[in-house]
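Undergrad: So you can see what is in the structure, the chains are spelled out below.
Number of protein chains: 4
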Amino acid sequence: MTSGAAGQALDVAVFGAGRIGRIHAANLARQPGVRLKYVIDVNREAAQALAAQHGAQVAGIDDAFGDASIGATVICSSTDTHSELIMRSAAAGKHIFCEKPVDLAIGRARECADAVARAGVVAMIGFQRRYDPTFAALKQRLDAGEIGTPEMLVVTSRDPGAPPVEYIKHSGGIFKDMLIHDFDIFRWILDDEADTVHATGSCLSDPAIAEAGDIDATAVTIRTKRGRLCQINTARRAAYGYDQRFEVLGSAGMLQAGNMRPTEVVAWSKTSVAQDVPEAFFLERYRAAYASEMAHFHEAVTQGKPVRTTVADGLKALELAEAAALSWREGRVVKVGA
Amino acid sequence: MTSGAAGQALDVAVFGAGRIGRIHAANLARQPGVRLKYVIDVNREAAQALAAQHGAQVAGIDDAFGDASIGATVICSSTDTHSELIMRSAAAGKHIFCEKPVDLAIGRARECADAVARAGVVAMIGFQRRYDPTFAALKQRLDAGEIGTPEMLVVTSRDPGAPPVEYIKHSGGIFKDMLIHDFDIFRWILDDEADTVHATGSCLSDPAIAEAGDIDATAVTIRTKRGRLCQINTARRAAYGYDQRFEVLGSAGMLQAGNMRPTEVVAWSKTSVAQDVPEAFFLERYRAAYASEMAHFHEAVTQGKPVRTTVADGLKALELAEAAALSWREGRVVKVGA
Amino acid sequence: MTSGAAGQALDVAVFGAGRIGRIHAANLARQPGVRLKYVIDVNREAAQALAAQHGAQVAGIDDAFGDASIGATVICSSTDTHSELIMRSAAAGKHIFCEKPVDLAIGRARECADAVARAGVVAMIGFQRRYDPTFAALKQRLDAGEIGTPEMLVVTSRDPGAPPVEYIKHSGGIFKDMLIHDFDIFRWILDDEADTVHATGSCLSDPAIAEAGDIDATAVTIRTKRGRLCQINTARRAAYGYDQRFEVLGSAGMLQAGNMRPTEVVAWSKTSVAQDVPEAFFLERYRAAYASEMAHFHEAVTQGKPVRTTVADGLKALELAEAAALSWREGRVVKVGA
Amino acid sequence: MTSGAAGQALDVAVFGAGRIGRIHAANLARQPGVRLKYVIDVNREAAQALAAQHGAQVAGIDDAFGDASIGATVICSSTDTHSELIMRSAAAGKHIFCEKPVDLAIGRARECADAVARAGVVAMIGFQRRYDPTFAALKQRLDAGEIGTPEMLVVTSRDPGAPPVEYIKHSGGIFKDMLIHDFDIFRWILDDEADTVHATGSCLSDPAIAEAGDIDATAVTIRTKRGRLCQINTARRAAYGYDQRFEVLGSAGMLQAGNMRPTEVVAWSKTSVAQDVPEAFFLERYRAAYASEMAHFHEAVTQGKPVRTTVADGLKALELAEAAALSWREGRVVKVGA
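Just so you know, the sequences run in chain order A, B, C and D.
Under this note's numbering, residues 314 to 651 are what the first sequence spells out, in order.
Under this note's numbering, residues 314 to 651 are what the second sequence spells out, in order.
Under this note's numbering, residues 314 to 651 are what the third sequence spells out, in order.
Under this note's numbering, residues 314 to 651 are what the fourth sequence spells out, in order.
Derived by calculation from the structure, the hints in this document are not laboratory data.
Careful: at least some of the hints might be erroneous.
It does not matter which identical chain is meant; a pair holds if it fits inside one copy or across any two.
[Said to hold, decoys possible] Capping the alpha-carbon separation at 20 Å, the derived lysine to any residue pairs in SDA-like fashion look like this:
hint : residue 1 : residue 2
1    : 538       : 457
2    : 482       : 519
3    : 618       : 406
4    : 583       : 594
5    : 583       : 461
6    : 583       : 459
7    : 538       : 645
8    : 482       : 521
9    : 413       : 345
So that you can see chain A by itself, here it is in the shape it has in the complex (with noise of 0.2 Å):
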């Protein structure tokens, strides 16, 4: 199927009817001429209440792919089926949106960036921060020359809280399961690449987390090929909330990337003035986010505009994922690319 005009009909099918794949459902089922076909899920319960939601039908795999009407695909299901599913969206065609990340083995993360390059359809990973109101317009304005060259970066990324540990046994690690957006953020920000990595850690919320072999805090540096600077702290666990600020410093000057909050209430009592904590996760932080990106995405499949967070950037966070992973298990810098 090739790309066409706004408004045109475009048949998904949606892969994953859990949390992310029901807003991602939701936000592109609002596009014009948008219809959701089929939701597959081996969780039946889960794929008929987001079917009921859109009119669509529960389906196998199968007939997803069998169906000559689908134009596009958006992957939510977990993450060790995203690059089989990538590979038989490509085969047949078919447009893509996949969540992050691609795959947690790097090779098989290239077969995806290559077949989705040879197929020539729309391929995009969800790195939705880069939709973000506050971030994008940063971007804008860093783009816009308004603090002259950026020079430094720095991240702030922390959770409200660690997630089972069970799932972190198989999240791949922290670096490749919650800086894997962090590192997409660098490589954008900066528009730059990496040189070197140091990364270091330590479980301090959670001793099963360590049992685990997984770390819950780390601190990372990055070294860029024009020597430009990126550190990036993160944590599972913030008490205060989900904490998701950056800031640039170029050479005429900063720009910030805050917290939002609930609501604009300011408290003033005997002992402080208040404000409220930020937005409670990446659901309620992201709302916005979600809504542009899926609009992104819809765009690019039917007006044909390149997509701004390809399989190639999916790569290349994974690559830095891994480079930081090394760099803490064995306690030294690493070099990018070589």
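Let chain A serve as the given structure and place chains B, C and D on it in line with the hints.
TA: Then chains B, C and D, alone, in the frame of chain A:
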């Protein structure tokens, strides 16, 4: 028509296909079971555009009232049509959502209040600010006793620019057109009624407004029956945009409701540390409020929940607007309800 | 004594060794060439403590006025002594710094203004807020045209708690005791004079204040001769501390003067993102203002620079306080100067 | 000389009459009983100016050490003189306040630490940041357990512009010259010692700095013996001024220390809502810290209170600076104390 279960079918007629009509229509159409059946507007093109968007029909006033299947009317037409459409809706037993003001004439507004009371229909006035997340959260915390007894309210309410003088001539004056919202905020937040009102003002932005017999900046003070104090300052033109703030001083602290910004970017330059100006105007600032308001109307109609912004509230705000206008014209303190 | 060169010797007598007397004495003593020679206070212990700190002598009133070497008097004694000390200072040709108010009786204050004018001495009233770095910077930017023509002023002025009722009984009432500063801010910032004043108020914190014939919360509105608007809200008790803010709306923007905080610590907890409450009270909030004020007095005396807060300013503020008190008592709008 | 009672006489010799020497001299002279007796500087004009201001004499080094009445030395001369003056002060039994660093050579700094320990004199290093009201309040709240166990520290430390290259050539490099303060903050806030250090950096503002063998932007990561993480980002040039912030993530929340602004004016224009840029540079930013620091030194000397910033602290910070410089030069992680 009586109220029923959530999700039950509700056919709706929308009067007025202008800016605010389109917003209310979209927000109502999103509720489960709601169908926009008729769009009525003297501007046929606007009516057709809105109808097309929601699969509704363009119709005449009599079509709407003659169709027994219509359960509710949404009145967003020009102010001089409000009271007649309310009266006819009440007579036809249809639930009513009506934009503010009920009518520019208090007597006529009272007739409307009586009519909806007699008819027993749900009747809701579009004081959307009460549904704003920030304002609603503040009210909830106030009611929970967070700052003790409320004692003083300071309201800042400024538009980004004056409307055309032609509009102002038919607006009923700044107190009925613009401060009507602030008078409602006053009653809602302090949970009290005015004892005396003092208002003064000036025409500072455009002499044509003075020639039309109106002013563009006001300073209003209300003392309540319980001795609480309220000051409202308004301006038709704030160069920096739409400014919607208030603060409540209580015996144990203060709660402030601040503006919302489009993004959380902070720019550090040689000369300043700068944030975004506030959301541009009411459509942006109260986007969430409009959505929440229509969900509330839908709940009231389908689940029988009491309406929070009644025709009586509209009447009270109108009385305050009249008292303020009188105070301004005669340069004296006005006793309310005397 | 005539004004002379910076650094020249200036011998000073300080009347009143209380809290504010000690601050003024220390700030003045810091100026080059200044010597505190006499401290006069009915409280001999306080006088001795202050005198000891600065190598001064405890003296009686006549000692100070009889000593021709005394170039300036600093009057920080109780309000009922101000006018006499001003008159005697003027008669003796001594420069005068006097705390507000000049006198509680306007007639007496006028006599003071006349006397200092005839004597040709430097006479400065302690409206320290004009010397506050934040307020002064705002005024300078306003005068430089940053927000165009000023149109509206909103002043928030709240104390952390009411003084003892005994104090209130002799204070001249809230308008002369507390709002006198706000009336001066109004004249200074808008650079305009009042045409009409409306004031209302309540006693909300302590019934004993009402029994003493006073109120503890006020809402004042001033319309200026040029049609500009000013609203002042005050309270004797703000549970969160000393609240000193104002904002000026101009034709091209707005300037706000905010509170100062003891530290810039921000605490992120499970429930809020919290900053410090404002500086505790006037001694902390206006520390820099007091220092700058006395440096200004010294400059005026030794270099002949014009005084920025004159007895005439004190008189004008007093007239506004009287007009406001009249408006409050009679429940009507008062024409100023009529 | 042994420590004694508050207010007792203390004669002082000040070495170095430059910018910081003048500040320390003025702050120390303000303490009760303190007399500046000698000012020593190779720049005779500067020495004379400072001496005149405090009624001191210009003297030579030997004069100061030969005068048994001198109880304390304040060492603000160039870095290469610090260690010798410390050694001579210790030998002469005089208490010592010395600006950072102790010496650029660790061996020499160790000799100083040993010498003051043997001599039993009070010896304090000028890490003024610990005395900053914001930083000190944060530390106190941290120690009180407000955010549980500290886990991560992020330090932002940026100057408004690079010093002359001539200065840089003799500065010992950015890690010893600029980050020495940040290394002290790290040890103080996390109350822990470094296990490993990684540092990287670039020369981004001026190639002449690179030619001098130095860099102007760094990114340092420290992992502590207890597994806590610290990231420090620095730059010689922040176009918006002097930027001194840090934040501590703890198990139960976060504490941030923000910049201070000259005023609390907020300007609302068509394009932004803007506050002041931070205080210009260290003299303004740390004005209160310098005053508090010298009061602390005076207390230590006269009341025998333990010094909070010891020569040992200076030594530890220097070791971190050396480790960081090694890490940067060799592109590897450095084990501290190994």
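Undergrad: Go through the copies and call it for residue 482 and residue 521: within, between, both or neither, with a Cα cutoff of 20 Å.
TA: Only inside one copy: residue 482 and residue 521 sit 10 Å apart there, 50 Å across copies, limit 20 Å.
Undergrad: When no copy is named, should residue 618 and residue 406 be tagged within, between, both, or neither for a Cα gap of at most 20 Å?
TA: within (17 Å within a copy, 51 Å between copies)
Undergrad: When no copy is specified for residue 538 and residue 645, does a C-alpha distance of 20 Å or less occur within a copy, between copies, both, or neither?
TA: both (18 Å within a copy, 17 Å between copies)
Undergrad: Could you place residue 413 and residue 345 in one of the four classes (within, between, both, neither) given a Cα distance threshold of 20 Å?
TA: neither (26 Å within a copy, 33 Å between copies)
Undergrad: Tell me, please, which holds for residue 583 and residue 594 at an alpha-carbon limit of 20 Å: within, between, both or neither?
TA: between (30 Å within a copy, 13 Å between copies)
Undergrad: Please work out whether the CA atoms of residue 482 and residue 519 approach to 20 Å or closer within one copy, between two copies, in both situations, or in neither?
TA: within (14 Å within a copy, 47 Å between copies)
Undergrad: Using 20 Å as the alpha-carbon threshold, which applies to residue 583 and residue 459: within, between, both, or neither?
TA: between (41 Å within a copy, 11 Å between copies)
Undergrad: Measure nothing new, just compare the shortest in-copy and cross-copy C-alpha distances for residue 583 and residue 461 to 20 Å and report within, between, both or neither.
TA: Between copies only: 12 Å across, 43 Å inside.
Undergrad: How would you classify residue 538 and residue 457 at a CA-CA limit of 20 Å: within, between, both, or neither?
TA: neither (22 Å within a copy, 44 Å between copies)
Hint compliance for this structure: hints 1, 9 are broken, all remaining hints hold.
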